[in-house]
Amino acid sequence: MSLSTITLQYSSVRGKEKNTSYPFKAEVKTVDDLEKIARFDHVCGEYADGTNTRKNAIKGYRSKKTFRKADCLPVDCDNTNPDPLAEDIPASEWKTPADVRAAFPDVPFYVVYSRNHMKEKNGKTARPKFHVYFIINDMTSEKRLAKLKKDVQKYFPAFDPAALDMARFLYGVENPKVEFYDGDTPLDTFMEQRTVLPETIPTGERNSTLSKYAAKILKRHGDTAEAEALFYKASERCEDSLEDDELKTILGSARAFYHGTIEKSADYLSPDEYEEADDAGKKPVTSDTIKQILQKMSVCVRLNQITGKVEIEGMPPQHSKGNAANVLPVLVNDYLTKRRMPCAKQTLDDCLVLIEDENRYNPVEKMFESTQYDGIDRLKELAEILGVEGNKTYVLYLRKWLHQCVAMALNDEMSPYGADGVLVIRGPQGAGKTLFCSRIAMKAEWFAEGVSIDLDKKDTVIQATSVWIAEMGELDSTLKREQLALKAFVTACCDTYRQPYARVATTKPRRTSFCATVNPQEFLNDETGSRRWWVVEPTKIDCQKLKELPECWFQQMWAQVYTELYLPNPQGFRLTEEERTKLQADNEKYNKPLPGETEILDKLAWDSPVCQWDWYTVTEVRDNLMLKPLTTSQIGKVLKKLAERDERIMTKKPSNKSCYYLPPMDKNVRFYRHVDNFRPALADVDTLEDASAPKAS
Numbered sequence: 156m157s158l159s160t161i162t163l164q165y166s167s168v169r170g171k172e173k174n175t176s177y178p179f180k181a182e183v184k185t186v187d188d189l190e191k192i193a194r195f196d197h198v199c200g201e202y203a204d205g206t207n208t209r210k211n212a213i214k215g216y217r218s219k220k221t222f223r224k225a226d227c228l229p230v231d232c233d234n235t236n237p238d239p240l241a242e243d244i245p246a247s248e249w250k251t252p253a254d255v256r257a258a259f260p261d262v263p264f265y266v267v268y269s270r271n272h273m274k275e276k277n278g279k280t281a282r283p284k285f286h287v288y289f290i291i292n293d294m295t296s297e298k299r300l301a302k303l304k305k306d307v308q309k310y311f312p313a314f315d316p317a318a319l320d321m322a323r324f325l326y327g328v329e330n331p332k333v334e335f336y337d338g339d340t341p342l343d344t345f346m347e348q349r350t351v352l353p354e355t356i357p358t359g360e361r362n363s364t365l366s367k368y369a370a371k372i373l374k375r376h377g378d379t380a381e382a383e384a385l386f387y388k389a390s391e392r393c394e395d396s397l398e399d400d401e402l403k404t405i406l407g408s409a410r411a412f413y414h415g416t417i418e419k420s421a422d423y424l425s426p427d428e429y430e431e432a433d434d435a436g437k438k439p440v441t442s443d444t445i446k447q448i449l450q451k452m453s454v455c456v457r458l459n460q461i462t463g464k465v466e467i468e469g470m471p472p473q474h475s476k477g478n479a480a481n482v483l484p485v486l487v488n489d490y491l492t493k494r495r496m497p498c499a500k501q502t503l504d505d506c507l508v509l510i511e512d513e514n515r516y517n518p519v520e521k522m523f524e525s526t527q528y529d530g531i532d533r534l535k536e537l538a539e540i541l542g543v544e545g546n547k548t549y550v551l552y553l554r555k556w557l558h559q560c561v562a563m564a565l566n567d568e569m570s571p572y573g574a575d576g577v578l579v580i581r582g583p584q585g586a587g588k589t590l591f592c593s594r595i596a597m598k599a600e601w602f603a604e605g606v607s608i609d610l611d612k613k614d615t616v617i618q619a620t621s622v623w624i625a626e627m628g629e630l631d632s633t634l635k636r637e638q639l640a641l642k643a644f645v646t647a648c649c650d651t652y653r654q655p656y657a658r659v660a661t662t663k664p665r666r667t668s669f670c671a672t673v674n675p676q677e678f679l680n681d682e683t684g685s686r687r688w689w690v691v692e693p694t695k696i697d698c699q700k701l702k703e704l705p706e707c708w709f710q711q712m713w714a715q716v717y718t719e720l721y722l723p724n725p726q727g728f729r730l731t732e733e734e735r736t737k738l739q740a741d742n743e744k745y746n747k748p749l750p751g752e753t754e755i756l757d758k759l760a761w762d763s764p765v766c767q768w769d770w771y772t773v774t775e776v777r778d779n780l781m782l783k784p785l786t787t788s789q790i791g792k793v794l795k796k797l798a799e800r801d802e803r804i805m806t807k808k809p810s811n812k813s814c815y816y817l818p819p820m821d822k823n824v825r826f827y828r829h830v831d832n833f834r835p836a837l838a839d840v841d842t843l844e845d846a847s848a849p850k851a852s
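Residue 852 is where the sequence shown ends in this note's numbering, and the numbering goes up by one at each step.
It is possible that some hints are incorrect.
[Stated by the list, open to error] The list that follows gives simulated cross-link-like pairs (lysine-lysine, DSS-like), each with its CA atoms no further than 25 angstroms apart:
(1) K180 <-> K191
(2) K737 <-> K555
(3) K547 <-> K521
(4) K224 <-> K371
(5) K284 <-> K171
(6) K191 <-> K210
(7) K612 <-> K464
(8) K702 <-> K737
(9) K547 <-> K744
(10) K219 <-> K305
[What the hints assert, rightly or not] Between beta-carbon pairs, the in silico distance windows are:
(11) E719 <-> Q699: 24 to 30 angstroms
(12) S442 <-> S408: 15 to 21 angstroms
(13) N207 <-> K302: 38 to 44 angstroms
(14) E242 <-> S425: 36 to 42 angstroms
(15) E524 <-> E600: 15 to 21 angstroms
(16) A253 <-> S425: 37 to 43 angstroms
(17) P725 <-> Q699: 32 to 38 angstroms
These are computed hints drawn from the structure, not numbers from a lab. As the structure is a computational prediction, the values presented were derived from the model and not from experiment. Beta carbons: idealized from backbone N, C-alpha and C, even for Gly.
Generate coordinates for the entire structure from the input sequences, incorporating the hints supplied.
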């Protein structure tokens, strides 16, 4: 900074006390420059645009809130007692710029004589009246600037104590008279030196005095050229000059103390931070503030879109990574407190939520996009490893499910979609079913093993949907719960829960694909259908090969799925109508019998000719087959299921009662009716007793 340069903002008017707009900015480097500006009302420093109490926008708004920076400090010298009842100041005590020069040696400043200079005013004789523009180091803190102004007025009481307002403007002068007094010590530096250094440093106190001073200026200004210049300037006050080598030694020792002790202190603020702290009280803490703090702390906060968790990297080594979400707000709050920047906990949490959301990322998507597919067919080899290569249907389910995994990881935030099915691997215990699922998921944080989903327990839902691939272990046990809700859950398009620091729950697209493992043959017991369960039965899973394959193999396998299956048709993982029909038929062998289904199958003569079949109500079937522990609703479900599977079974609803066209009873079972026009439907009619007189069988 040149020690003759100051920055002013000015208006286009003169003598307008109510004006608060100073939209024009100028750098003053010479007396001539200041003469041009001093014709108009002006302010010292830089002020941002703002709005007044009436919400009107104002350019260059003069107020404490819009103050941004200053490189000069204005003070008034009117040679008038501010107390109207006190005696007037005698002429012998009037101050002139020469007196200011004497009081502030080596401090550069401009003088502009005021509009009432050497003029009578309010019945008082004419006297010197002028404004002083002291050059200072750049200051962004309105509080520090105000304190400096008070200290200067206390040191030189002739300056008007009623003119210390930081948002005060200076009247324009029609024909300004300007003077410049040269110097090489900014006012704030001069005042700092004055408080810690005597006018003359005695010979016996040179080393200790300069050592203490060097430590102070290094702490305030950092190890900078400015601090070094101040040190050598202070050395000029020594009664007897020190040699250059001695001065270098003193400064070197102070630097070592600064870097080794002061800088490492937990409470130490760098010069920039010190400036920021002094100015922080009037600035509200915003997300930008927290971003800057995190950047200074080298901490990155981001949301993992696959796991739904907040990832915090760069925490100090003394803090655990697992507890980072709880520790980070405390560290940030400590940082703010040291800098006198008050921030409510909820505000801090809200800012962290915003930042983590802005930094959200999808690691699986990054893997797809960063991996160049090498063209080698690994899907065929994967089918061989799983032991399904000989079954085209199983290979279809495997490829469709892998395609679905990619599509779900890349789910659309604006128009989310759900999965189509769950890959179910059926086989004996210890066959490697879970090993297969975990290896293709690649990373531990992308895979959940053996999840047990209870839709009434939030934790199980979060666990199941906080990964890319989730394995439902022992599917037969899971399916014992509410199956309709579970089927809807595994193909849902969104998940809703509350993130760390967040006030409310958020909804995110489902990015999880489910697979399942099961041991028994019969594990499906839902009469509403099983299209979501894509069952494959491996001949033998090559566990050794799974363990030996490197991660890059699976990365290339996913690159193949992404390139060959997903990109040409993102929604191509869904089964066609024909494939669904075949799936339903194939899944019949995995269905558990409904209550009463086995008894009905055993007690009806299914091999008898259709001409011997007849119509029966559900109640008649229950009573005559002695299935009374079961309800008619349960029997009806069995008959409906059998009718869907066997085209020979017909249904009708006379008088709103369901009737089924069924085969006769087994020859050992008698079938009675409570109707007059009963026609036997059994093959061996001769063995029946009189139908009009029902008897127990």
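Going through the hints against the structure:
no. : hint                              : result
1   : K180 <-> K191                     : holds, 12 angstroms
2   : K737 <-> K555                     : holds, 15 angstroms
3   : K547 <-> K521                     : violated, 32 angstroms
4   : K224 <-> K371                     : holds, 24 angstroms
5   : K284 <-> K171                     : holds, 20 angstroms
6   : K191 <-> K210                     : violated, 32 angstroms
7   : K612 <-> K464                     : holds, 19 angstroms
8   : K702 <-> K737                     : violated, 34 angstroms
9   : K547 <-> K744                     : holds, 18 angstroms
10  : K219 <-> K305                     : holds, 16 angstroms
11  : E719 <-> Q699: 24 to 30 angstroms : holds, 27 angstroms
12  : S442 <-> S408: 15 to 21 angstroms : violated, 43 angstroms
13  : N207 <-> K302: 38 to 44 angstroms : violated, 27 angstroms
14  : E242 <-> S425: 36 to 42 angstroms : violated, 50 angstroms
15  : E524 <-> E600: 15 to 21 angstroms : holds, 19 angstroms
16  : A253 <-> S425: 37 to 43 angstroms : holds, 40 angstroms
17  : P725 <-> Q699: 32 to 38 angstroms : holds, 35 angstroms
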